[in-house]
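Chemist: Listed in order, the protein sequences are those of chains A and B.
So the first sequence is numbered by this note's numbering: it starts at 1 and just counts up by one.
So the second sequence is numbered by this note's numbering: it starts at 427 and just counts up by one.
Wrong hints could be hidden among the right ones.
Claimed, not checked - Here are some, though not all, of the chain B residues that point toward chain A, as calculated from beta-carbon distances under 7 Å:
1) D476
2) A722
3) G723
4) L724
5) R725
6) S736
7) R737
8) A740
9) L743
10) E744
11) V747
12) Y763
13) G764
14) E776
15) A778
16) F779
As the list claims (entries may be wrong) - If you anchor each label on the Cβ, the simulated ranges turn out as follows:
17) W286(A) / A798(B): 36 to 42 Å
18) L232(A) / V805(B): 57 to 63 Å
19) L610(B) / F163(A): 40 to 46 Å
As the list claims (entries may be wrong) - Per the computed footprint, the stretches of chain B lying under chain A, defined by three or more beta-carbons under 8 Å from a beta-carbon of chain A, are:
20) 726-735
21) 748-761
No lab work stands behind these hints: they were computed from the structure.
Just so it is clear, CB atoms sit at the ideal spot from N, CA and C, and this is done for glycine as well.
The lines below spell out each chain.
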Amino acid sequence: MGWPRAALLGCGLLLVLGPAGVRAETLPAPRPRPDVTTSVPDLETRPAVAPAAAPDPGPAVLPALPSLPEPGGLRPPPASPPATPAGEEPYRTIAADVAAGSASNAFWALTVGFVLHGTGHYLAGEREAALLLLATEAAGLLLVGAAELTDSLSGESRRLAPFTRPVAALGLAAFVTSWELDLLGTFTGQAGTARYQELPPEPLTGSVYYALWSDPVQNHLNLFSLGLRVPLGRIARPLSRVELAAHGSWDPFDSSLPLLLGGVVSLRLVGGPAQLASRVVLDLEWSEELRASQGYGVSTPACSLEVRYNLGQALSRFRQVLLLARWGYGLEVTHFLASSYAFDLQGDRRPITIGEVGLSLPLTGTSRLDLRWRLLNDRLILAGQPGRAPYHAGFAFQIGGPMDLLLSFNLGMGFDGWLGLAYRYY
Amino acid sequence: MGVRPATLLGGALLLAALAAGCRADPESRAVANEELRTVEVSGTLSLQVDPAAAATVAGEVVTLHASGPRLTFCATNTSRQALPLTLQLANLPADLVLDCVRGPDAACTVAGRLEGLPAGAPTEFVYRTDVPSGQSCPEGLAGPPALVLRPAAGQDPGPYTFAVAGDLLGDTDLLYRLVEEVSLTPSEFLLLLGNLASGQDPRGELARMARILDTLPVPYYATVGYEDVADGGDRVFRELFGPTDVAFVHKQVRFLLLDSADAVLVTTQLDWLAAELAQGQLASLLFTSTPPFDPAGLRDRGFTSHREASRLVALLLEHGVSALFAGRLLSYTATDYGGLPVHITGATGEEAFDDVGPHFLLVTGDSRDPAAGVVVEQVSLR
Chain A
1 MGWPRAALLG
11 CGLLLVLGPA
21 GVRAETLPAP
31 RPRPDVTTSV
41 PDLETRPAVA
51 PAAAPDPGPA
61 VLPALPSLPE
71 PGGLRPPPAS
81 PPATPAGEEP
91 YRTIAADVAA
101 GSASNAFWAL
111 TVGFVLHGTG
121 HYLAGEREAA
131 LLLLATEAAG
141 LLLVGAAELT
151 DSLSGESRRL
161 APFTRPVAAL
171 GLAAFVTSWE
181 LDLLGTFTGQ
191 AGTARYQELP
201 PEPLTGSVYY
211 ALWSDPVQNH
221 LNLFSLGLRV
231 PLGRIARPLS
241 RVELAAHGSW
251 DPFDSSLPLL
261 LGGVVSLRLV
271 GGPAQLASRV
281 VLDLEWSEEL
291 RASQGYGVST
301 PACSLEVRYN
311 LGQALSRFRQ
321 VLLLARWGYG
331 LEVTHFLASS
341 YAFDLQGDRR
351 PITIGEVGLS
361 LPLTGTSRLD
371 LRWRLLNDRL
381 ILAGQPGRAP
391 YHAGFAFQIG
401 GPMDLLLSFN
411 LGMGFDGWLG
421 LAYRYY
Chain B
427 MGVRPATLLG
437 GALLLAALAA
447 GCRADPESRA
457 VANEELRTVE
467 VSGTLSLQVD
477 PAAAATVAGE
487 VVTLHASGPR
497 LTFCATNTSR
507 QALPLTLQLA
517 NLPADLVLDC
527 VRGPDAACTV
537 AGRLEGLPAG
547 APTEFVYRTD
557 VPSGQSCPEG
567 LAGPPALVLR
577 PAAGQDPGPY
587 TFAVAGDLLG
597 DTDLLYRLVE
607 EVSLTPSEFL
617 LLLGNLASGQ
627 DPRGELARMA
637 RILDTLPVPY
647 YATVGYEDVA
657 DGGDRVFREL
667 FGPTDVAFVH
677 KQVRFLLLDS
687 ADAVLVTTQL
697 DWLAAELAQG
707 QLASLLFTST
717 PPFDPAGLRD
727 RGFTSHREAS
737 RLVALLLEHG
747 VSALFAGRLL
757 SYTATDYGGL
767 PVHITGATGE
777 EAFDDVGPHF
787 LLVTGDSRDP
797 AAGVVVEQVS
807 LR
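When you get a sec, could you build the whole thing from the sequences and use the hints?
Modeler: Below you can see the structure in the form of C-alpha cells.
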C-alpha cells in the first residue's frame, strides 16, 4: 500500500522540520505586563517580580517533563547534580510576574469564559493572555465551522474527509484547550515553583499495572500489564534519543483465556534537546491483540508524531504547563475468526487516524496531572497501557527513590482505572 | 505550589461532562422495545405480540402496526366473562392468512375472523374475536391459544425480493419517488435503514414520512437512525414504526433489524442478536443504520468502537449471515468485512465526487439455495 509509506515519509519530514520550531533553549524574557487597573474586588495583589535566585548563568533551561502514561514519567533528582557546562548552575529561577489564583475569576472563566475564552485572565489583569486565549478560541471555532460546512456541503465525501477530519480535530482541540487553560490558569495563579532542575539521562524503566476495567461490551474486569522502556542511546540532532518500549497485558482471571492478549512494541525517536520540555517525538508502534473468545484479533502498525510545547515559553503564567498534541496514521488489520489469526497484514484492512491533545499540569512536589483527549478510535487502548482511551486523566506521584506511583482514569468505551508502579534504573 | 482541590475537581468535572456528552442511551431503547411486546387492553385483558409492535388502544379496539410480515399474538382474559377484542392490523402483506400455533398434542383452533379492508388499503386488516373467560398463554407464544397471521406464501423456502433504502433524511419528495418506484417492483416489502428524519424536527418529520409510507402497497419495516433519536424522536419512532430492534422470519430467512443509531451496541443487543442467530434458519440478513466500519477508513463514520464493530462482525461470520445492509453514508458502496458481503446505502446519494445519486436497492435471493447469497441491484431515483 502506498499510504503507509507516505505517512512514514510525512512523519519523517515533520520530524526533521518540527524541531526547528521548538529548538529554542532560551525562555523569552518576561514580557512587561501592561499597567492594568482593575476594579475586580478580589483581585489579589500581584507578587513582585522575583529576582533570580542565582546569578544569571545564561539561557534558562526547562526540564523535560514527561507525559504520565509513560512509565518512569517522573524522574528523581539525581544522586549528585548532573554535570553542567562550566559557569552554569543546574538550577534556574524564572521570574514570577503573574497574578495569583482567584476562585472568583475562575468562576467567571468557568461560566462566561466558556463562551468568551480568556475571561478569567482578563479579570485577573492578564490581558495579553486573555487575548491569546480568545484568539485561540476564535481560530478553533473557525476551523471546526469550516470543516463541518465542508462535510455538510459534500455529503461527508470520502475524498474530503481525510482533510476535514484533522481540521475539525485541530479546531476542537484549540477550543477545549484554550477554555481549559483559562480555567486552570485563573485557578492556580502562578503555575508551580520557579526552580527547575536539570535532569539525568533517560533511565531504563520497568512498570507493572493493574487495571480494573468496566466495559459494557467487552466485560473485562481485571487486566495486568507489564512494560519495559529501554533507552537505546542518543544520536545526532534532530534525533537526540531513541527508545524501545514494549507492553504486554492479559486477563488472568477469565476462564476462557485467552480472552484478551495484547501487546505493543514501539520505537520512539525524540527530537530536540533532551533538557527542553518542548520537543517532537516520533512513535513507530506495532500492537497485537487476540480476542479468541470473541472471534477476532487485530494487528495495528502505526506512526504518529507528538509535539510537546512548554506554554511557559509563550506565557509565563503557564511556565510548567505542557501542551501535548499527537497526530498520526495506522493500518488496522482485523483477523476474523481466531483460528486463522496470524501476525501479518493479511486480513480486513483499513487505515485509521490517531489524534490526541492534552495538558500536563504540575501539582504538588513532583506530582503531575495529565488530561488528554483522543479521537474516538479505541484500537490502541488494547495494547494494555493507561492513557489510551478517548478521555484520560492521570496522576503521577514520586513515592521515594526511583519509584513512581501512577494512577490513571480512562473514559470513553466504558471506564477503566489503572494503578501501577514504575521503577527506573540508571 | 500546593494541591488545589478545586483544580482536581474542575478536571474531573470536565472529564465527566465530556464523557456524558458523547454517550447516548441505546440500553433504554432496548428496554422500551421489550415493553412493546405486551399490550394492556383493559384491566383484565392483555395481549402478547411477537414481533413487538406499535399499538394504540381505544376501548376494545387495538390498533397494531406490524413490525414483520408474520405476527403472532395471544390474549389473556382474567375476567369472569368473555371479552370482545378487535384488532385493527396495519402494515401486513396482502396475502395474509390466519393460522394457529400448534401445541404438543397438535391441537389447533382458529378463533375469530379476519377481514381485509376495502381496496386501496392492501396492507390493512381487521380481526375480531371473543376472548374466553380465564384464557391465558401458559406457553407464551409457543403454543395455543396463540394465533399467527402470516403471508400465505411466506411459510416455505423460496425466492424472495425486497427493497432497501437508507437515510431519506426527511426528504418527502424523495420518499414519494421511492414509494412510486418500489410499487413498480416485485418487492414483498421495503426495509428502511434509519435516518428517516434529518434531525431538524424528528417528531414532525417522522410523522410526515410515516404518512407517505402508509400509501405503499407492501409493508415496510424500519430501524432507527442517528438523526431520528434526537429530541425524543426515538419515542415517536416507536409509536409510529414499532421497536428499534426487530427480528422476523420470511421464507425461512431471518431478517434482523438492529438499532445502531448511536454507533454503539450494548450487551443486551448483542445477546439478543446471538439468541436470534442461534435459532437456525436457512439464511440470515442483518439491517442496521450505522455500518460497523466505514469503508473509507480515514472518514471513520462507522461504529465509535472498532472493538464493538469487530465483535459484531465476528458474531455474524460465526453464524454464517448472508449479508449486512447499512445506511448512514450518503452513497452506495458494496464491500465486505472478512468475507461478509456488506452493502452501505444512503438513499439521498448526496456524497460529492461520486456518481451514485438518489437510489434504493432491490435485493433478490432464494432460500432454497442459501449458499448463493443475495443479488443486489442499485435502482436510481433520479
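Chemist: Against this structure, judge whether each hint is valid.
Modeler: Going through the hints against the structure:
For D476(B), the interface hint is violated, the least distance from its beta-carbon to any beta-carbon of chain A being 27 Å, above 7 Å. With a least beta-carbon distance of about 3 Å to chain A, the hint placing A722(B) at the interface is held under the 7 Å criterion. About 4 Å separates the beta-carbon of G723(B) from the nearest beta-carbon of chain A, less than 7 Å, and the hint is met. Here the hint on L724(B) is kept, as its CB sits about 4 Å from the closest CB of chain A, short of 7 Å.
Interface restraint check for R725(B): the shortest CB-CB distance to chain A comes to about 4 Å, inside 7 Å, so the restraint holds. A distance limit of 7 Å between C-beta atoms decides the matter here; for S736(B) the minimum to chain A is near 5 Å, and the interface restraint holds. For R737(B), the interface hint holds, the least distance from its beta-carbon to any beta-carbon of chain A being 5 Å, beneath 7 Å. Taken as an interface hint, A740(B) checks out: its beta carbon lies about 3 Å from the nearest beta carbon of chain A, inside 7 Å.
Taking 7 Å as the C-beta contact cut-off toward chain A, the hint placing L743(B) at the interface holds, the least distance being around 5 Å. Residue-level restraint check for E744(B) holds (minimum Cβ-Cβ distance to chain A is 6 Å; threshold 7 Å). Violation of the interface hint for V747(B) is found here, the shortest Cβ-Cβ separation to chain A being roughly 12 Å, above the 7 Å cut-off. Among the interface hints, the one on Y763(B) holds; its C-beta lies about 6 Å from the nearest C-beta in chain A, closer than the 7 Å criterion.
With a least beta-carbon distance of about 4 Å to chain A, the hint placing G764(B) at the interface is held under the 7 Å criterion. With 7 Å as the threshold, the beta carbon of E776(B) comes within range of chain A, its nearest partner Cβ sitting at about 3 Å, so the hint holds. For A778(B), the suggested interface contact is upheld, since its CB lies about 4 Å from the closest CB of chain A, less than 7 Å. For F779(B), the interface hint holds, since its Cβ comes within 7 Å of a Cβ in chain A; the closest pair sits about 5 Å apart.
Checked against the hint of 36 to 42 Å, the pair W286(A) and A798(B) passes, with Cβ atoms roughly 40 Å apart. At roughly 60 Å, the beta carbons of L232(A) and V805(B) sit within the given window of 57 to 63 Å. The hinted window of 40 to 46 Å between L610(B) and F163(A) holds, with their beta carbons roughly 41 Å apart. Requiring three or more residues with a Cβ within less than 8 Å of a Cβ of chain A, the coverage given for the stretch 726-735 of chain B holds, as 7 such residues are present.
Here the stretch 748-761 of chain B counts 3 residues with a CB under 8 Å from a CB of chain A, which clears the bar of 3, and the coverage holds.
The structure shown violates the earlier hints numbered 1, 11.
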